[in-house]
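K.L.:
For reference, the chains in residue letters:
Protein chains: 2
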Amino acid sequence: MAPETRRSSKTSPEYELIYWPGIPGRGEVVRLLFEDAGVAYKDTAKASRAVETVLAHSAPESAGDAANPPTFAPPVLRHGGLVINQLPNILLYLAPRLGLGPASGNEVYHLNELALTILDGLLAEVHETHHPIATDQYYDEQKAEAKKRAKAFREARLPKFLGYLQRVLDGERSGGGGWLYGEFTYVDLVLFQCFDGTKYAFPKTVEKLKKTGKYDGVFRLYDAVRERPNIKAYLESDRRIDYADGIWRHYPELEEDE
Amino acid sequence: MAPETRRSSKTSPEYELIYWPGIPGRGEVVRLLFEDAGVAYKDTAKASRAVETVLAHSAPESAGDAANPPTFAPPVLRHGGLVINQLPNILLYLAPRLGLGPASGNEVYHLNELALTILDGLLAEVHETHHPIATDQYYDEQKAEAKKRAKAFREARLPKFLGYLQRVLDGERSGGGGWLYGEFTYVDLVLFQCFDGTKYAFPKTVEKLKKTGKYDGVFRLYDAVRERPNIKAYLESDRRIDYADGIWRHYPELEEDE
Chain D
1 MAPETRRSSK TSPEYELIYW PGIPGRGEVV RLLFEDAGVA YKDTAKASRA VETVLAHSAP
61 ESAGDAANPP TFAPPVLRHG GLVINQLPNI LLYLAPRLGL GPASGNEVYH LNELALTILD
121 GLLAEVHETH HPIATDQYYD EQKAEAKKRA KAFREARLPK FLGYLQRVLD GERSGGGGWL
181 YGEFTYVDLV LFQCFDGTKY AFPKTVEKLK KTGKYDGVFR LYDAVRERPN IKAYLESDRR
241 IDYADGIWRH YPELEEDE
Chain H
1 MAPETRRSSK TSPEYELIYW PGIPGRGEVV RLLFEDAGVA YKDTAKASRA VETVLAHSAP
61 ESAGDAANPP TFAPPVLRHG GLVINQLPNI LLYLAPRLGL GPASGNEVYH LNELALTILD
121 GLLAEVHETH HPIATDQYYD EQKAEAKKRA KAFREARLPK FLGYLQRVLD GERSGGGGWL
181 YGEFTYVDLV LFQCFDGTKY AFPKTVEKLK KTGKYDGVFR LYDAVRERPN IKAYLESDRR
241 IDYADGIWRH YPELEEDE
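Chains as they are written, first to last, in the numbering used here: chain D, 1 to 258; chain H, 1 to 258.
Errors might be hidden in some of the hints.
No distinction is drawn between identical chains; accordingly, a pair holds when it is met within one copy or between any pair of copies.
Claimed, not checked - Derived lysine to aspartate or glutamate pairs resembling DMTMM-like cross-links, with alpha carbons at most 20 Å apart:
#1 K208 x E155
#2 K147 x D223
#3 K151 x D136
#4 K151 x D140
#5 K143 x D223
Simulated from the structure, these hints should not be mistaken for laboratory data. These numbers were taken from a predicted model, which means no experiment stands behind them.
Based on the sequences and whatever the hints tell you, model everything.
P.N.:
Structural data, given as structure tokens:
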């Protein structure tokens, strides 16, 4: 082995995030963990042949290898010989390694349940508002149904999820410090990103919900994450990607009643 | 402490599953882990005041306690002082404790990603086929949209998920033994239950897909789980609940093209 090779070896291999270019999407939640922790990562969305890299990990030809099952869809995380997918699973793997959650004990399962619920309510269900019929068809082909689904989201689902999150913040386990689970953890970053996307998609709805005063803790947490030095620097950098036609989209008609 | 009390104390506290009565639903996946492992559990769906028990863990008044955040929705697992929700999270917790998955290492994340993908495709997306607009409204109010969503599920999503699962079975990591991840693990039970429910909901569609011969490994795995002695005994017992108006429902019109 040449000295150069030995010099460049690290205690931990590089983290590599494989995700679609041009949208924040699910990959953005993973990015926020790296950014807050100040840990270097390779982001294939910003490298050449970004789309091809994603397809190599989700096309029907991709078969996995002796150590890893094939992955279903991005985001995909590669870390040394490990290749994994499914956003909550990637977060579960990264949190203890980035100092954003415990490695073992009951706390692991409490944080994982909070992440799963936030991702259900403020990511998956937001995507459903503009694609309630078929993910592989255009929005325009399902606009009428999207208006109905969006109405149910605005009136029932979003208040339900925000009410739950406020309840978590008001709960004994949160402890009144403003974070979901006592100390700051990765689930606060998950909530920040998913709420940011939901605000982008439904600005009038979120403003109206803010005025009720029922979810003040959620809004305060959102502002507090924004002010964390590494997150603040990241959001102001050109590494932060603008919203576009991804999960969190803004269609003004989805905020209007028919 | 009286001798009787000492005699009845156990090394591990009793597992308690809190779920809706009258439907297999998400709770059924948890039950299959206990049944296959031959581990005793309390099933509140089969106890008195079953609905009240669920509501106590999901109503807006439920606040959690000093150790546990409030839960969002059933299934909920109580084990000693721990209370957790979110199905994939409960499975993650139980698998190593019931001998159905490793406690640490990369394998944990591979199994978790497989469970998440199966639950996305063959549970959450099946529910969407009959409730594409609003979970809190009746099927009859969203029947037209359900027909469209079901068509997309039958023609695009279901083949995509089954194709992926067959790819996992064909992959090097599965090893050709018929289980998703080498040895038998909890994800094989997750696939069994979710595929069983999908077959119930879309019998003609699944039969048609069977005839293509493209997913033989998935069908073989399904049959193999059914023949596991503890599962076989459970399926024949009255503990197994019939399908009804839960996640997996059979509406013949959702298999017909308009």
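K.L.:
For each hint, tell me whether it holds in the structure or not.
P.N.:
Hint-by-hint comparison with the structure:
1. K208 x E155: The answer is within: 11 Å in one copy meets 20 Å, while 39 Å across copies does not.
2. K147 x D223: neither (30 Å within a copy, 42 Å between copies)
3. K151 x D136: So K151 and D136 pass the 20 Å test across copies only (12 Å; inside, 22 Å).
4. K151 x D140: both (17 Å within a copy, 18 Å between copies)
5. K143 x D223: neither (33 Å within a copy, 41 Å between copies)
Against the hints set out earlier in the document, violations occur for numbers 2 and 5.
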